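Chains A and B supply the protein sequences, listed in that same order.
Under my numbering, think of the first position of the first sequence as 1, with each following residue one higher.
Under my numbering, think of the first position of the second sequence as 515, with each following residue one higher.
To be clear, the hints were calculated from the coordinates, so they are not data collected in a lab.
Predicted model, so just to flag it, every value in this text is computed and none were measured.
Quick reminder that beta carbons are idealized off the backbone N, C-alpha and C, glycines included.
Be aware that one or more of the hints could be misleading.
Result set (DSS-like, lysine-lysine): computed pairs, CA atoms no more than 25 Å apart in a straight line [claimed, not checked]:
id : chain 1 : residue 1 : chain 2 : residue 2
1  : A       : Lys278    : B       : Lys533
2  : A       : Lys452    : B       : Lys538
3  : A       : Lys264    : A       : Lys278
4  : B       : Lys601    : A       : Lys278
Derived, one-sided and incomplete: chain B residues facing chain A with beta-carbon distance under 10 Å [claimed, not checked]:
id : residue
5  : Phe540
6  : Val573
7  : Lys574
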Amino acid sequence: MSLKKNILELRKRKEKVQLGGGEKAIEKQMAMGKMTARSRIMALLDNESFTEYDLFVEHEGRDFGMDKKELHGDGVIIGTGTIYGAPVGIFAQDFTVAGGSLGLMHARKITKIMDHALKMRMPLIGINDSGGARIQEGVNSLAGYGEIFYRNTIASGVIPQISVILGPCAGGAVYSPALTDFVFVVDQISKMFITGPNVIKTVLGEEISMEELGGARVHAEITGNAHFFANSEMECFEQIKKLISFIPWSNTVRAKVFPPKEPKFKGNIEDIIPSDPKQPYDVRDVIKAIVDDSDFLEIQELFAANIVIGFGRMNGQTTGFVANQPLVLAGVLDCDSSDKAARFIRFCNAFNIPIITLEDMPGYLPGVDQEHAGVIRHGAKVLYAYSEATVPKITVILRKAYGGGYIAMNSRHLGADFMFAWPTAEIAVMGPEGAANIIFKKEIEEAEDPDKMRQIKVQEYVERFANPYVAAAKGYVDSVIEPSETRSLLLHAIEVSSHKDDQRPFKKHGIPPF
Amino acid sequence: MSKQKHELVDFAVTARKYKTKLTKKFINRKFYVDPNPFEIESHIPGTIISLKVKEGDSVKEGKVILILEAMKMMNKVLMPFDGTIKKIQVTEGQKVPKGFIMIELE
């Protein structure tokens with residue numbers, strides 16, 4: 001009899017606490033077009049897989065009348081569950097409880113699940129929806145943030161860390177997502193900034209809306225802080241699930257291998273590429289012609305679109321793709337595209353994912369803004385990331401491979417394991433026009449018809465250098481291949497490098513040009 | 515790529531022009547302008563706390579010409595060389611963004 005009473009008591013307590021900030025606050029949350037923290041977790045995880053921890057945690061605030069307030073779960077829900085059977089640790093800030101503000105116990109709950117995910121070697125997903133630090137708790141709330149950042153850093157490269165911004169995420173709070181591997185944002189819902197519109201208005205008199213300052217689109221297109229942009233929370237959860245299916249649970253295991261599938265693409269791969277090297281095409285069509293089931297998960301699609309990064313599968317095995325995009329800014333490398341590619345390469349390397357590089361690029365973006373923004377420092381990150389990577393590294397040169405760009409895009413010289421080139425490849429210090437202008441300056445100037453002479457000399461340079469055979473003659477390119485052979489040769493390359501062992505000298509860590 | 519320019523344009527990288535699309539960020543980039551030594555710009559966004567000179571004043575190099583409060587600090591803005599105050603573009607209490615031309619010199 002008495003046991004039954006205890007069980008009923010537990011159920012009653014649970015029911016009360018699971019409502020978070022109560023029905024009114026939940027209504028308010030829904031009116032803002034947002035799901036509740038609990039419904040988000042349920043929507044993201046496999047059915048009935050969520051197990052909650054620390055439901056009965058209470059907050060520690062003792063000042064400013066906080067001791068009289070009940071904050072259920074202290075504004076955050078934590079636990080474990082599965083996504084397509086993959087175990088994950090998860091926390092979701094509950095905006096209905098004191099605006100999801102972060103106090104000491106709130107932070108303790110988050111660090112608890114972080115520690116747990118790290119120890120169990122499983123991915124961590126953090127859903128952010130918080131007004132920021134709980135001011136009534138003073139330095140305790142700052143301590144909480146710091147302890148989260150520390151764990152983000154320790155777990156970096158050991159377990160995949162995913163941040164989902166589903167509400168405000170302002171001030172110091174933004175640095176936890178910034179330290180994680182993938183940040184998801186939803187249009188009109190996500191807001192991220194260090195100083196908000198009010199402070200900016202007070203200090204500067206500049207007026208800007210939250211959406212224009214740090215909305216989802218801003219971070220997906222301009223800052224590059226976000227990796228995936230969705231139009232709704234449900235679409236966002238589908239993106240997260242898809243990503244989880246591609247990445248391993250930790251740096252000691254491989255991503256799940258799927259049954260091999262032929263690409264859906266049935267045409268001739270060479271027909272994707274125009275014969276005139278000045279004409280663009282969408283390099284994603286080439287990737288889709290190569291990967292299993294033509295299924296390519298693009299990352300940071302809207303940011304620095306002059307380079308394309310993402311995951312596909314080759315015979316069922318997850319593979320990272322880095323490809324210049326001739327359709328946007330002619331596929332040049334610049335500050336943003338270098339940052340984007342370098343970080344992705346480092347993710348792949350940390351989690352043992354082979355990298356395929358598709359190259360077609362005319363060089364670095366010229367301009368004062370680029371030079372002054374530090375294109376040297378940013379561009380160096382690509383060299384560093386490729387050189388540092390010890391996973392299988394395969395390059396296919398599709399067309400242009402000029403100058404520093406040729407070196408940067410996983411050349412043989414940076415340790416590429418396989419260098420393939422299509423017969424359309426042009427490997428040279430610069431484009432033929434520029435090269436002819438320099439080498440044959442005198443002949444062109446002194447000719448009766450300089451324009452005609454320039455054309456002749458450009459043609460001479462094209463015939464001499466704008467091909468893959470000079471590089472192939474030196475062994476810098478292993479093999480000049482027919483485009484239709486690309487997939488089968490890539491599959492072979494990945495297969496024979498599955499036991500790659502590339503030992504490097506011991507060091508605490510390198511010093512990449514951050 | 516909703517906000518990208520959809521039409522292909524000629525885009526020069528070294529001597530060759532490529533047909534390609536431009537990004538919004540590229541189109542909106544700031545063009546470099548040579549700094550004018552006769553214009554005193556705010557080096558940080560803030561508030562003009564006090565003006566120490568009037569238009570027409572001859573001022574020696576190193577003298578304080580105004581105080582710009584920014585990030586809770588009172589920043590002294592000094593005269594860069596001996597010269598005359600030609601025009602004052604700000605008033606006390608005014609908030610200025612970074613790079614705002616506050617004073618013109620002769």
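| query | What are the numbers of the hints that this structure violates, sorted from low to high? | reply | 2, 3, 4, 6 and 7
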